[in-house]
Amino acid sequence: MWPMGLLVYYTNQFTYNCLIPNTPKVNHVKIENISRSFKTLNRHVAFMESEISKLRQLSSTLGDLSRPDGDATVSQGDTCVTSAVYGPGEVKVTKELLDKATIDVVYKPKSGLPGCAEKLLERTIRNSCETVILGNLHPRSSISITVQEIQNRGSLLSCCINSTCMALLDSGVSMRYLMAAVSCAINDNGGIIMDPNTLQEQSSVAVLTFVFENCNYGVITVSAKGCYTLDQFQQCLSKCRDASKYVFQFFKDSISKKLSKQ
Amino acid sequence: MRDTPLSACEKNFIIKALGDRKRLDGRQPYDYRKVKITFGADRGCCKVNLGQTQVLAQVSCEITSPRAVRPSDGVLFINVELSPMASPAFEVGRMSDLGVEINRLLERCLRESRCLDTESLCIISGEKVWQIRVDVNVMNHDGNIIDCSSIAAIAALAHFRRPDVTVDGSEVIVHPSDEKDPIPLSVHHMPICVTFSFYEQGKYLLVDPTDKEEKVMDGKMVIGMNKHREICTLQVSGEMLLMKDQVLRCSNIAVVKVTEITELIQRALENDRQARLNGKKFGFAESEPTESILTNQQEPEEIQATETQMDEDSEEEKGMNGDLKTERKSKVKILDKGVGMIGEGGASTWGVEDNEMTEELQKEAKVTQPDHKEVTHTTGTLNATNCVTLKIDLN
Numbered sequence: 001m002w003p004m005g006l007l008v009y010y011t012n013q014f015t016y017n018c019l020i021p022n023t024p025k026v027n028h029v030k031i032e033n034i035s036r037s038f039k040t041l042n043r044h045v046a047f048m049e050s051e052i053s054k055l056r057q058l059s060s061t062l063g064d065l066s067r068p069d070g071d072a073t074v075s076q077g078d079t080c081v082t083s084a085v086y087g088p089g090e091v092k093v094t095k096e097l098l099d100k101a102t103i104d105v106v107y108k109p110k111s112g113l114p115g116c117a118e119k120l121l122e123r124t125i126r127n128s129c130e131t132v133i134l135g136n137l138h139p140r141s142s143i144s145i146t147v148q149e150i151q152n153r154g155s156l157l158s159c160c161i162n163s164t165c166m167a168l169l170d171s172g173v174s175m176r177y178l179m180a181a182v183s184c185a186i187n188d189n190g191g192i193i194m195d196p197n198t199l200q201e202q203s204s205v206a207v208l209t210f211v212f213e214n215c216n217y218g219v220i221t222v223s224a225k226g227c228y229t230l231d232q233f234q235q236c237l238s239k240c241r242d243a244s245k246y247v248f249q250f251f252k253d254s255i256s257k258k259l260s261k262q
Numbered sequence: 001m002r003d004t005p006l007s008a009c010e011k012n013f014i015i016k017a018l019g020d021r022k023r024l025d026g027r028q029p030y031d032y033r034k035v036k037i038t039f040g041a042d043r044g045c046c047k048v049n050l051g052q053t054q055v056l057a058q059v060s061c062e063i064t065s066p067r068a069v070r071p072s073d074g075v076l077f078i079n080v081e082l083s084p085m086a087s088p089a090f091e092v093g094r095m096s097d098l099g100v101e102i103n104r105l106l107e108r109c110l111r112e113s114r115c116l117d118t119e120s121l122c123i124i125s126g127e128k129v130w131q132i133r134v135d136v137n138v139m140n141h142d143g144n145i146i147d148c149s150s151i152a153a154i155a156a157l158a159h160f161r162r163p164d165v166t167v168d169g170s171e172v173i174v175h176p177s178d179e180k181d182p183i184p185l186s187v188h189h190m191p192i193c194v195t196f197s198f199y200e201q202g203k204y205l206l207v208d209p210t211d212k213e214e215k216v217m218d219g220k221m222v223i224g225m226n227k228h229r230e231i232c233t234l235q236v237s238g239e240m241l242l243m244k245d246q247v248l249r250c251s252n253i254a255v256v257k258v259t260e261i262t263e264l265i266q267r268a269l270e271n272d273r274q275a276r277l278n279g280k281k282f283g284f285a286e287s288e289p290t291e292s293i294l295t296n297q298q299e300p301e302e303i304q305a306t307e308t309q310m311d312e313d314s315e316e317e318k319g320m321n322g323d324l325k326t327e328r329k330s331k332v333k334i335l336d337k338g339v340g341m342i343g344e345g346g347a348s349t350w351g352v353e354d355n356e357m358t359e360e361l362q363k364e365a366k367v368t369q370p371d372h373k374e375v376t377h378t379t380g381t382l383n384a385t386n387c388v389t390l391k392i393d394l395n
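Chains A and B supply the protein sequences, listed in that same order. Residues in the first sequence are numbered from 1 upward in steps of one, following the UniProt record's numbering. Residues in the second sequence are numbered from 1 upward in steps of one, following the UniProt record's numbering.
No lab work stands behind these hints: they were computed from the structure. Don't take each hint at face value.
What the hints assert, rightly or not - DEER-style ranges, computed between Cβ atoms:
(1) V219/A - E270/B: 47 to 55 Å
(2) P114/A - Q297/B: 38 to 46 Å
(3) P114/A - G238/B: 45 to 53 Å
Stated by the list, open to error - Here chain A is said to cover these stretches of chain B; the calculated rule only asks that three of the stretch's residues, wherever they fall, bring their Cβ under 8 Å from a Cβ of chain A:
(4) 31–42
(5) 61–68
(6) 98–109
(7) 268–276
Using N, Cα and C, we set each Cβ at its ideal position, and we do this for glycine too.
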């Protein structure tokens, strides 16, 4: 019933005692306390990772679904997101815009009903898309983008935006420039971890996501949560900008590969 | 958006071909399309491809209070979402008729057939039970969503593991997965829905219709069955009348199909179990085909940092702060009512404007005009000789 081996837990003063199982003392300790200590143990392990300057492995699949005009499934490490684009197409009269296309983004979580966090994600993606898509070429039309979470293991927003950009590329909607999103997390001792996974995000002080365009590598969108100084922000910005070049190269390679036989 | 309607010549072609026992994709009338089942890295996550129809199912659990009529039974909740990704005709928000029909069918097939042992989901009778929630997201609609969703739902339920629980008097302790291995749900049997579509008032019969065939059909019959030849649910809908021998014939066909599909699910579960046991990689990222022209992978590389940019930016800011401090020392001259001047005069050079400086100096000018309560319009010019003339209009 109890995990074999030594149980180690941290007290408030960061000294640790070893508990040998099967002593009477142990039986009265609730499992909740120990699970909390496992969490702090994980935190301290994360503490030891001071800097990671590598993005996780990127992989993509284009045009997997037959109905949408364009679709892409992008994986960043274990985080996997599928986006589909329909458009430009018919729009409801109430949502019609006279001079440009109406861009609709729907984000669908894997389980549960969509809530406020999902709406925020939709809003962020839509704002980025409105900057990037040449909506003025398709007035009184709609471009609807659906983003489906397949697996979430950290850096969800950046994976969503990258897969949306690839889906737009696949569908042939005109864009001003491409957009690439890179996430980074700042941990306790100020180190910057690029493309954090769930554990790293949870144990970090701040998580920042930047979206860049590929003409001048300017910033389209910034989404940040947590506490960070101005210097840290600048550092993250420049690191993410450098990382975005790899993402843009990946987009180019993927599309060239797909179009190579046509 | 609206779905592209099926043209009259396509309709006639499909029905005529049925007369010759031919289908658009070359299948036999009783053949299923290719079924592909993949499991994700999360427990209870399953993606099923039935031809081009693609469906993603995810099982999750939480502790709730039980229903009053059944205090020692857990709750199984099924939700099928027709995502706008699947078809341009699907909208978010209120469920359409098709959505309601699919939801109800799946509920009857899974919940009322008691394929999941709900009594084992009880923690404290009358107070706390497990609520198992199955969310099915339809990703691509190429016909026969019902079958695909039922396969995905039952495979996901069989794949799912719930956290282990210890009851200590009236306290419930939920063990996280790294402490105690999560335990599987007890699935008694696997009910799977098989859809039959009818044409020409029951003259022609097809199994597993595609989207085009569905648009042409007169009516359909859905039989939910398990491999032990037990019918879990039966529904006939549409504008047609069926003979009873046709219903019996369909159920015999369904047995064969269900047996095949159940075998496929078991094999997929076994493969996944082996992959997890042997430490091999599992999940969706691994199951993507690597040789296809549509897929691309990029290995992680160390990011080459370009440091110079960052230093320039920070220096500029420090420089600006320094400038602003010296600016504050210079005097503000009030020329006229609503007009203040700092520094010497000069020509307007909008090309060299600096937004941040203008804002700071605008604030300065406002501070020197405390009597004016309403400032409706402020214009300012900034030029290279560090001069600001602000004119504030009051209307």
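These are the hints, each one checked on the structure:
Look at V219/A against E270/B: about 49 Å separates their beta carbons, and that is inside 47 to 55 Å. Hint check: P114/A to Q297/B, Cβ distance near 31 Å, so the stated range 38 to 46 Å is violated. A C-beta distance of roughly 33 Å is found between P114/A and G238/B, which places it outside the suggested range of 45 to 53 Å. For the segment 31–42 of chain B, the stated coverage by chain A is satisfied: 3 residues place a CB nearer than 8 Å to a CB of that chain, which reaches the threshold of 3.
Residue count for the segment 61–68 of chain B with a Cβ under 8 Å from a Cβ of chain A: 0. That is fewer than the three needed, and the coverage hint is violated. Chain A is given as covering the segment 98–109 of chain B, and this is violated because 0 residues of the stretch bring a CB closer than 8 Å to a CB of that chain, at least three being needed. By the rule of at least three residues with a Cβ nearer than 8 Å to a Cβ of chain A, the coverage given for the segment 268–276 of chain B is violated, with 0 such residues.
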